[in-house]
Each structure stands twice: as C-alpha cells, then as structure tokens.
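Could you build all of it, start to finish, from the sequences and the hints given here?
Here is what each chain is made of, one letter per residue.
Protein chains: 2
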Amino acid sequence: MPELPSDPINSLIKELSSLPGIGPKSAQRITYYLLRTNETQVTALADALITLKKKTKLCRICCNVSENDICSICSNPNRNPTLVLIVEQPQDIVAIEHTGAYHGRYHVLHGSISPTEGVGENDLRIQELLARLQDGAVKEVVIGTNPTREGETTALYLKKLISPLGIKVTRLARGLPFGSELEYADDTTISNAFEGRQDF
Amino acid sequence: MPELPSDPINSLIKELSSLPGIGPKSAQRITYYLLRTNETQVTALADALITLKKKTKLCRICCNVSENDICSICSNPNRNPTLVLIVEQPQDIVAIEHTGAYHGRYHVLHGSISPTEGVGENDLRIQELLARLQDGAVKEVVIGTNPTREGETTALYLKKLISPLGIKVTRLARGLPFGSELEYADDTTISNAFEGRQDF
Chain V
45 MPELPSDPIN
55 SLIKELSSLP
65 GIGPKSAQRI
75 TYYLLRTNET
85 QVTALADALI
95 TLKKKTKLCR
105 ICCNVSENDI
115 CSICSNPNRN
125 PTLVLIVEQP
135 QDIVAIEHTG
145 AYHGRYHVLH
155 GSISPTEGVG
165 ENDLRIQELL
175 ARLQDGAVKE
185 VVIGTNPTRE
195 GETTALYLKK
205 LISPLGIKVT
215 RLARGLPFGS
225 ELEYADDTTI
235 SNAFEGRQDF
Chain E
45 MPELPSDPIN
55 SLIKELSSLP
65 GIGPKSAQRI
75 TYYLLRTNET
85 QVTALADALI
95 TLKKKTKLCR
105 ICCNVSENDI
115 CSICSNPNRN
125 PTLVLIVEQP
135 QDIVAIEHTG
145 AYHGRYHVLH
155 GSISPTEGVG
165 ENDLRIQELL
175 ARLQDGAVKE
185 VVIGTNPTRE
195 GETTALYLKK
205 LISPLGIKVT
215 RLARGLPFGS
225 ELEYADDTTI
235 SNAFEGRQDF
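Each protein sequence line maps, in turn, to chains V and E.
Heads up: take any position in the first sequence, counting from 1, add 44, and you land on our numbering.
Heads up: take any position in the second sequence, counting from 1, add 44, and you land on our numbering.
Hints were generated in silico from the structure; no laboratory data involved.
Any given hint could turn out to be false.
Copies of one chain are not kept apart here, so a pair can be met inside one copy or by any two copies together.
Calculated cross-link-like contacts (lysine to any residue; reagent style SDA-like; alpha-carbon spacing at most 25 Å) [unchecked claim]: (1) K101 - H142; (2) K58 - H142; (3) K99 - G180; (4) K97 - Q85; (5) K99 - T233.
So, in structure tokens, the structure goes:
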C-alpha cells in the first residue's frame, strides 16, 4: 500500500482546503511551503488567526468589524453622522473607503435576504439599523446592497421599512461600469443605465 | 483620510498574502470568511499550523518529513532496501506514492542546484545520501530530480558522485507525457523521446 503523508501534514492540508478559493493542490503546496519556511512565519500566521477571533467584535452602532465597542468610523467626528450607507459585508466598506469618495457612516447587514440560502430578514442586522434611525439624527440612508437578485430584494425591503420614518432613502446608481463597452454590456445593465440616465 | 480595516484583519491579510498562490484579494476573502465562521474552525487551523512545525522532523535516513526519527517508508520492511529514488522535495514522494507503482525507498534532497537562486550542492541533503550508500546495501539509485535545468544539473552532479561507489545509477525516463499530442510537444520533449526510444 502506498504511504500517505504524515498526520500533521494531512491535518493542515485538510484545514487549508476548507478555506474559500483553496483547493487540495493549493493546500498541499502551502503546507509544504510552510514545512520549509522558518517557524517564526508559521507562528505569526497562527497568532494572527487566533487574534482575529479574540480581538474583533461588531461595532455596537454600525455592526462593522471592530476592535472596540464603537468602530473607528462611528467614533470619528469628521464623518458625517447624518448620512448612512448600508452595505452587505464588512469588505464592502474596504472597497468604498479605498475610493476616498465617501465621508458618511455605514451600516453592515452581514448578508442579504436569500430564500434559497435560508437567509431571512431576521438573520440580518436590521434591528440594529432601525434602532439607530430612531433619534432623527440620520437624514439620508444610501442603500449599497449588491446589484444581485438578493441585494435588490433586500434593498426593496429596507426601503419599505425606512421610508415611513421620514428619512430620505437613495441607492447607489446602477449603470455602465467604467471601462466597459456598450457592445458587450448585458441587457439589465443597459436597461438600468437608460432608466437612470443623468443630466449632462 | 479613508479608514483602513482594523489591525487584526490587516495582520491576517498580510500573513496570508505571504503564502504561495495567495494574493492580497484572496487573503482578504479568506480573512472575512474566517471572521464569519465559527471559532472552532479557526482554532483548528491555527493548531494544525503549530503542530506542523512542532511534530515534524526530517527522517534520519532519507530526509523525508516524518513524525518519527525514522519515517514510515524507511521503517517498512516491505519496501525494497536496495533501491533508492532521489527526489527534490517531499511532495514528489506524495505524487510517486499515489501511483502505487514504486516499492523501493527514497532520498529527499530538499532542493536542486541553482546558481541563480544561490543554492549550491552543500545546501542539499547530499552528505546524508552518501552516508547511507557506504554500506553497500543499496544496489540501484534512481535519480528523480525534475526535468528542468536545475534538476538536470543536480542529476549530473549526483551521477558523478555515486557512480564511483559501484552502484547502478538510472534516472526516470524523459519522453512524451501520457495524453499529450506530438503536434504540440516542445522540441526538448520530442528530442528526449527520440533519444530514449524503447524496444516495442
């Protein structure tokens, strides 16, 4: 019978294979790379993993991932407190902050309504959103859910909840992405671009 | 100034990005996946990393990665002790064992001679190889270094060292890979296949 690699190797390959975007071959490659590398790097990686879970929580206001009870954006006096952009995931904030174009605050839903995946409105951070909208400080809510079926469903649901509170509800524009060619754009993108045409 | 993700997130993204085949985007994706997942999975991964370094060593005979002083192949009485296949890396053994076609033993060099990368013959496990060839028990050495410039250089160097010991030296056949088409094979592969043509 052929010999299999030893248990410590197999265990790590198995754990790495369970991560998104890492197949068995990549997991094996990483494992043998780590076998060759010095112990400091491996320990640093293990520590970073443990720290990630131990030192992060959700901001009590916006539900973004944070080291403190209130995240650095919610506690920043230079961020406009009357404007809240609702996103599905914490990493959406990373993308938006990267542009440097937004100076308001956020709210992270941690998902979108998806009946096929069994995610309902109660699985999202919507109660926390409604709670922070009660005191009238927020004047405009921008819905930044993904332009997918689930994102659209969630957007419509939120609009129905927030509009009655007398808060302006907008959403990120749908249209042609920068650098794209009309010739290759899909029907929905073109329809959205036409319906949302802007003064020029 | 745009806000950056918190330190525990950035640390893990940085550590993951340093692994082979994982770019910054994949590292970010994995990190946010781990933020959502339960702590057990993250702890299991961290433990597997630590265990990998703590519980593995190199087999005293063949230099393969092993949990014990002598690996399971070298200590297996059913493996032919007169035949030694020399490979560059431990993962080459995984590939060969997977075929189930080889029943001899191995020797792992942990690299190949590469002047451009500053790897010389003294950086490889060649002393350990010569030591185990002294007692005359090994009758044939099969060189299984990669069919690359570095692998070929290493193979020639080993042949010069081992032949004087009166041990038969062979190497894995070079030729057309299974499932390939002659039309698309490169010149060196075709030349090798012709020079090494076999009786049929």
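Quick rundown of the hints versus the structure:
1. K101 - H142: within (22 Å within a copy, 44 Å between copies)
2. K58 - H142: Classified as between; 17 Å across copies, 34 Å inside a copy.
3. K99 - G180: neither (32 Å within a copy, 59 Å between copies)
4. K97 - Q85: Both. Shortest intra-copy (19 Å) and inter-copy (11 Å) distances satisfy the 25 Å Cα cut-off.
5. K99 - T233: For K99 and T233, neither the intra-copy (41 Å) nor the inter-copy (54 Å) Cα distance is at most 25 Å.
Of the numbered hints listed earlier, those contradicted by the structure are 3, 5.
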